[in-house]
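Participant: Spelled out, the chains give:
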Amino acid sequence: MTAALSLPGLLSDLAVIRQDFPILERTLAGDRPLVYLDSANTSQKPQVVIDTMVDHLERHNANIARAMHQLGAEATEAFEAGRDKVAAFLGAPSRDEVIFTKNASEALNLVANVLAWKGPFQVGEGDDVVITEMEHHSNIVPWQLLSQRTGASLKWFGLTDGGELDLSNIDELITERTKVVAFTWVSNMLGTINPVAELTRRAHAVGALVVVDASQAAPQLPIDLSAMVPEERPDFVVFTGHKVVGPTGIGVLWGRGDLLEQLPPFLGGGEMIATVTMEKSTYAGIPHRFEAGTPPIVEAVGLGAAVEYLGHIGLDRIHAHEQAITAYALEGLQTIKGLTVMGPLDATQRGGAISFELEGVHPHDIAQVLDSRGVAVRAGHHCAKPAHQRFGVQASTRMSSYLYTTPAEIDALVEGLEYTRSYFKLG
Amino acid sequence: MTAALSLPGLLSDLAVIRQDFPILERTLAGDRPLVYLDSANTSQKPQVVIDTMVDHLERHNANIARAMHQLGAEATEAFEAGRDKVAAFLGAPSRDEVIFTKNASEALNLVANVLAWKGPFQVGEGDDVVITEMEHHSNIVPWQLLSQRTGASLKWFGLTDGGELDLSNIDELITERTKVVAFTWVSNMLGTINPVAELTRRAHAVGALVVVDASQAAPQLPIDLSAMVPEERPDFVVFTGHKVVGPTGIGVLWGRGDLLEQLPPFLGGGEMIATVTMEKSTYAGIPHRFEAGTPPIVEAVGLGAAVEYLGHIGLDRIHAHEQAITAYALEGLQTIKGLTVMGPLDATQRGGAISFELEGVHPHDIAQVLDSRGVAVRAGHHCAKPAHQRFGVQASTRMSSYLYTTPAEIDALVEGLEYTRSYFKLG
Amino acid sequence: MDLDALYQDIILDHYKNPHGKGLREEFEAEVHHVNPTCGDEITLRVHIEDGRVADVSYDSQGCSISQASASVLYELVHGKPVDEAMAIHAKFQELMQGKGQVEPDEDVLEDGIAFAGVAKFPARVKCALLSWMAWKDATVQSIGQTGAAGGNQEEKA
Amino acid sequence: MDLDALYQDIILDHYKNPHGKGLREEFEAEVHHVNPTCGDEITLRVHIEDGRVADVSYDSQGCSISQASASVLYELVHGKPVDEAMAIHAKFQELMQGKGQVEPDEDVLEDGIAFAGVAKFPARVKCALLSWMAWKDATVQSIGQTGAAGGNQEEKA
Ligand SMILES: Cc1ncc(COP(=O)(O)O)c(C=O)c1O
Ligand SMILES: Cc1ncc(COP(=O)(O)O)c(C=O)c1O
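Chains as they are written, first to last, in full-length UniProt numbering: chain A, 1 to 427; chain B, 1 to 427; chain C, 1 to 157; chain D, 1 to 157.
Careful, some of the hints might be misleading.
Taking lysine-lysine and the PhoX-like style, the derived pairs with C-alpha atoms no more than 25 angstroms apart in a straight line are [unchecked claim]:
#, chain 1, residue 1, chain 2, residue 2
1, C, K91, C, K80
2, A, K155, A, K118
3, A, K337, A, K280
4, C, K21, C, K99
5, C, K21, C, K126
6, C, K99, B, K425
7, B, K337, A, K118
8, A, K337, D, K120
9, D, K80, A, K425
10, D, K126, D, K16
11, D, K120, D, K99
12, C, K91, C, K21
13, C, K16, B, K425
14, A, K118, B, K155
15, C, K16, C, K126
16, C, K120, B, K425
17, D, K80, D, K91
18, D, K21, D, K99
19, D, K21, A, K425
20, B, K155, B, K118
21, C, K80, C, K120
22, C, K120, C, K91
23, B, K425, A, K155
24, D, K91, D, K120
25, A, K118, A, K337
26, C, K91, B, K337
27, B, K280, B, K337
28, D, K91, A, K425
29, B, K337, B, K118
30, D, K80, D, K120
31, B, K155, A, K280
32, A, K155, B, K337
33, C, K80, C, K21
34, C, K120, C, K99
Covered by chain B, per the in silico footprint, the following chain C stretches (three or more residues, Cβ under 8 angstroms) [said to hold, decoys possible]:
#, region
35, 34-41
36, 103-109
Don't read these hints as lab results, they were simulated from the structure. C-beta atoms are modelled at their ideal positions from N, C-alpha and C, and glycine is treated no differently.
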C-alpha cells in the first residue's frame, strides 16, 4: 500500500498542521519516528496551546475572581475568556451554562452525584436510570453508584452485532419511571455514532433528563447546541480537555441553565458560595455554584486556546479529515489476514476510533510489536469492559487518528500488523 | 523605613531565587514594578516548573497507565514520579497514600462526601463533626453539606480575641459522639498556627478521624508525617498545588492507607476500577481507587517539580524567611495610624498571611490604591466569613509573602498604606 | 491606573454622606444581595405608590464605590415613575458594562456620570451594580405585590 | 526496543503450550485477580497437602507474557514445599521489579529466567506478575484454612 496523500476530505494543509505539534518530531527508541495512533486516549498539543499556558504562567498568573489587583484582573479575564471560547465551541445558549470540572469523569459524576440529594430531580426507589452497553466506565460507574445508593434501577440498552445501539426494546426501557437517560455520543471503542436527537426526544417525552457523554464527539464532530430544537437538545453534555488538543486537568459540563440552577450543590467551598455563616450557607449562581475551590485556571486558558485552534481549522474540515483517514484505515486493516474490525464498517457513519482483533495474537502483544516500530496504539478494554464482554472478547487493539494523522501513518500501522503476524509466525 | 536586606532568617540567596520567577520582572500599568503580596491566594511559579511542564507536553505527552507504548510509559513514569515527590515532600509513610485531586477543596469534599455512604466510618444521626470558626469555606461547606445530608451535628471551636483556637471547652466539643475533627493547620486569614498534635491526640482518644487542611501550612512549614507518633498524626492531610509554586488543577489528599482502603468510592469511572460488569463493579487499590478518569498528568509533573524546587531550597530556610518577612511586616504595619492587625502578633507563632483593618478606608479601596502602585494584596473575606464575623468585620485587607518576598516589598506596602491614608484624606 | 478616574469627588462625597440610607418602614419588598467575591452586602426595601417609586431605603456595607452607588441610586429613582426609574437603571447598567466606551448622559444619570470611570475597572463594576441589582429585584417584587402597572416583569434579572 | 529480549522462545513456547492450565477440583482456596489497566484475568486455585503445593490450577486470559508466566509458575511451584515455593516467588518478584538490573538465578528460576527481558518493559511487569500474585494470595488463604505450617502469613500482599 502506498500513502494516498490525495484522499478526498484530507486536510489540505496537513503538513502545516503537523508542524504545530512539536511532539510529532520526536524519534523514539531505535530512532523510529513517532506514529501516534492513540488520540482517542489523549490528543497531542499544538504549540499555541503550550505557549498560551506558558505566557499565562510567566506573566499573568494570579488567583481569579477574588483578587482585585491587576494580575488578578488579567487572570480572571483570561480564565473567563476560556469559558467564552468553550461556550462558542459548543454553541451553548449561555456562557454561564459552561462549568469547568477536572475531566469528563468528574462532570458525569457531578450530575449523578447531585441527583442523589433532595431536590426536584432527586432519583430514588422506583425510578429508572437508563444507560447503554457501549459506555465508557466513566459513564457507567457513577450511575451504578447512584442506583446502589438511592435504590433506583439501572437499565441498559444492548448492542447489535454490528455495534449499534439496539433500539428494538426502547419502549420497555424508556418509560414513565425513567428519570435519566445517559449515553455516549460517539463510542470510544466501537466508533459508533449514536442518534442523539432521537434518543433525547424519546427521553424528553417521558420527562427524563438526558446526559450525553461527548468525550469522543467533541474532538471530531461540529457541535451546535443552540441550533438543536429544545426537545432534541440534551440536558447535559460532557467532554474533556485533553482529547480536544487541550491540557489535562480540565473537563467541561454544559447543562441547561434552569436545571443547573435547581440542582443541589456538588462540592462545597470557596467560590461556590453566596454567603457562609455558622448556621447555614447559600450558594452562588451558575456557573460558580458548581466550581468549588480554585478552578483549573491555566488549564481553562489552555483549553480556550485549544478549542479556538480547532475552530480556526474548522470542525467540518476536521470531521472530513477523520472520515477520510478512517475510511483509509478500515480498508487497510481489512487486507490483513485474521483481522476483524469491531463496530460499524462505514466510515461515514462512525468516529475515528477503530478497535480490532487479530486472530492468534493478544492485543498487548500486538501493541508491543507495533510500539517497537514507533506505532502507538492502545490495547486492552479501553475502559469499556461491558462492550468487550458483549462481543465475547476480553481485550482489543485500538487505533485512533486525529487532525494530524497522515495516510502514511496508517500505512505504517498496516505494515506493522503484517510484521506482527510474521513475528508471531502466523501462517 | 529602609529595606533591611540583612534581616536574620532571610534567604541568603533571595536575589537568585527571585530570578527563578519570571513574573517578578513584570511591570504593570504605569510602569510600576510588580510587588506581589498575595501568595496565600496563589503562589508564583518558578521557571523550572514551567519548563518541566512544557517539556512534558512537547515530548512525553500521552495518557497514563492504560497506554503501553513508549510515550505512555514515559508519561506514566513522569506522573508517578510526581506522586513520589509529593510523598517525599510530606514524609508520607507510603506513596500509595498520596491521592491527586483537582485542588484542596476537592480533597476535603472527597473525605466529607464518602463519609455519607455505607461503610465502617459512615456518619449519621447522633454523630458529631467538629470544625473551627477560622476555617476556609472549603473546610466548612463540605461538613455543612455532610451534616445536612446525614443528620449529624456540626460543632465549632470558637476563637479567642487574639485569634487563637479557644480550647477551653474542648471536653464538651470532642466527645464519644465525635466522628470527625477537621481544622486548618495554618489560618489563611489570621495566620494562626494550630496545635495539630494536641488536637489530633484528643480526637484520636475518642476514636474520631482527623482531617487537617494544610493548604497554608504546606507552602511554609516543613511537614514530616512519618516522624509523627501515630496518635498525633492526622488521618487525612490536604493541600493544593498552586500555593506551593505548582500549577492549578491539582491538589493532594494524603490519607492513612488502611482507612483509605475501607472508604467507599468517591467518583466512579476509568482508572478507579478493578473490573466493571453490568451487574457490579469492583474497585482498584489505592491510590487509583480515588482517582477517577484521566488524572491531572501534566499538573502532577509540574507539582513534582515544584515540591522538589522547594525541597532544594529547604523548607526550614523557607520557614525562617517567612518568619523574618512576617516580623518585619508586622512591625511596619503597626507604624501606620489606625491600622489594626488581626490574629497573633508574634511572628514566630504564626504563618505569613497578615490581615488588617485600616480605620476609615474600606479594604477594597485600600487594595485599589495599593494596586495603582503595583502592590498586589487581597481584600474581602478571604473565604473565611465566619472568622470575619467573629471579629465583627465584613472584610479585611490581607498581605501574604512567600520565599521570593523582599523587605523592600514590605516597605512598598507600608508606603502604599501611608499614601492610601493621605489619598482618602485621613488625618 | 488612574485612581482619580475611579474616585471622583462626587463618589467620595456620596460615600461620606450617603443619601437616603437607613431602612424605613413603608415597603412592599425587601431583598438582601451580596457580592460573593468580596462580601459586600445590601439590604434594600422598595415602596411603590401610584406607579411611583415612593421610597428606596437601604442598609449596606461595602467599599466607597458600592456605598456611593447606593446613594446615587436613591437620588435618581426615588419619587420617579417606575417606568422612568427602570429606564435610568438600564442606562446606568449600560454605562457600567460598557468597559469605559459608553458616553454617559448627564441629563438622565446626573451624579451617576461620575461612575463612568468605574467602568474601566472590571473588578469594581460589581461593586457599583450591587445596589442597582437589588433595587430592580425589589421593585419587580413590589409591583407583583401591589399589582401596579408599568413594571416590566419579564425583564427580571 | 529489543523485541526478542521480551519474547524469548521459552516464553512463546509456554504461551503456545501452557503447563498445568485448567481448573481442577482439589483446592482449599480460589482467587480471582485482574490487572485493572488492561483487563488480564486469572482464576487460580491452590491445593496444599502436607506442607507442599500439591496443585496449582488456573484459568486465565491475557497476553503471551501473562499466560507464559502462569505456566512457568505452575512448573516452578507445584510439588514444592510451601516455604521453598515462597522463596521462588520472592526471587521471581525481585527479578521482575529489578528494572533489568537483577541477574536471574537459573538454578532457582529455571525457565523463569526468560522473564529477565520483561523486567526492562515496565508496562509488562504487571502482566508477568499477575499469576504469581494470585498464587501467593491463594496459598496464604489455603494455609490459613488447612492450618499447615510454613507459610509466611504476615507477608500477605
Ligand atoms: C486554608 C485554605 N484551605 C483551603 C483552600 C482551598 O484551596 P483551593 O482553592 O486550591 O481548593 C485555601 C485556599 O484558597 C486555603 O487557604
Ligand atoms: C467516551 C468517553 N467518556 C469518558 C471518558 C473519560 O474522560 P476523562 O478520562 O478525561 O475523564 C473518555 C476518555 O477516557 C471517553 O472516551
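Participant: All hints, please: hold or fail.
Facilitator: Here's how the hints hold up against the structure:
1. C:K91 with C:K80: 15 angstroms, holds
2. A:K155 with A:K118: With Cα atoms ~23 angstroms apart, K155 (chain A) and K118 (chain A) stay inside 25 angstroms; holds.
3. A:K337 with A:K280: 67 angstroms, violated
4. C:K21 with C:K99: Violated: K21 (chain C) and K99 (chain C) sit about 29 angstroms apart, past 25 angstroms.
5. C:K21 with C:K126: 20 angstroms, holds
6. C:K99 with B:K425: 29 angstroms, violated
7. B:K337 with A:K118: 52 angstroms, violated
8. A:K337 with D:K120: Not satisfied, since the Cα-Cα distance of roughly 31 angstroms exceeds 25 angstroms.
9. D:K80 with A:K425: Judged against 25 angstroms, a Cα distance of about 35 angstroms means the pair is violated.
10. D:K126 with D:K16: 20 angstroms, holds
11. D:K120 with D:K99: Roughly 5 angstroms separates the two Cα atoms, so the pair holds.
12. C:K91 with C:K21: Holds, because 23 angstroms separates the two Cα atoms, which is no more than 25 angstroms.
13. C:K16 with B:K425: Since the Cα atoms of K16 (chain C) and K425 (chain B) sit roughly 12 angstroms apart, the hinted pair holds (cutoff 25 angstroms).
14. A:K118 with B:K155: Answer holds: K118 (chain A) to K155 (chain B) is near 23 angstroms, not above 25 angstroms.
15. C:K16 with C:K126: Holds - the C-alpha atoms of K126 (chain C) and K16 (chain C) are around 20 angstroms apart, at most 25 angstroms.
16. C:K120 with B:K425: 24 angstroms, holds
17. D:K80 with D:K91: Judged against 25 angstroms, a Cα distance of about 15 angstroms means the pair holds.
18. D:K21 with D:K99: 29 angstroms, violated
19. D:K21 with A:K425: With Cα atoms ~23 angstroms apart, K21 (chain D) and K425 (chain A) stay inside 25 angstroms; holds.
20. B:K155 with B:K118: Between K155 (chain B) and K118 (chain B) the Cα gap is close to 23 angstroms, so the pair holds against 25 angstroms.
21. C:K80 with C:K120: Roughly 29 angstroms separates the two Cα atoms, so the pair is violated.
22. C:K120 with C:K91: Holds. K120 (chain C) to K91 (chain C) sits at ~16 angstroms (cutoff 25 angstroms).
23. B:K425 with A:K155: Violated, because 70 angstroms separates the two Cα atoms, which is more than 25 angstroms.
24. D:K91 with D:K120: 16 angstroms, holds
25. A:K118 with A:K337: 57 angstroms, violated
26. C:K91 with B:K337: 41 angstroms, violated
27. B:K280 with B:K337: 67 angstroms, violated
28. D:K91 with A:K425: 32 angstroms, violated
29. B:K337 with B:K118: Not satisfied, since the Cα-Cα distance of roughly 57 angstroms exceeds 25 angstroms.
30. D:K80 with D:K120: Violated - the C-alpha atoms of K120 (chain D) and K80 (chain D) are around 29 angstroms apart, more than 25 angstroms.
31. B:K155 with A:K280: Given that 25 angstroms is the threshold and the Cα spacing comes to 13 angstroms, the pair holds.
32. A:K155 with B:K337: 69 angstroms, violated
33. C:K80 with C:K21: It holds: about 18 angstroms lies between the C-alpha atoms, which stays within 25 angstroms.
34. C:K120 with C:K99: 5 angstroms, holds
35. 34-41: Per the Cβ count (5), the hint holds.
36. 103-109: Our answer is that it is violated, as 0 residues pass the Cβ test (under 8 angstroms) against chain B, missing three.
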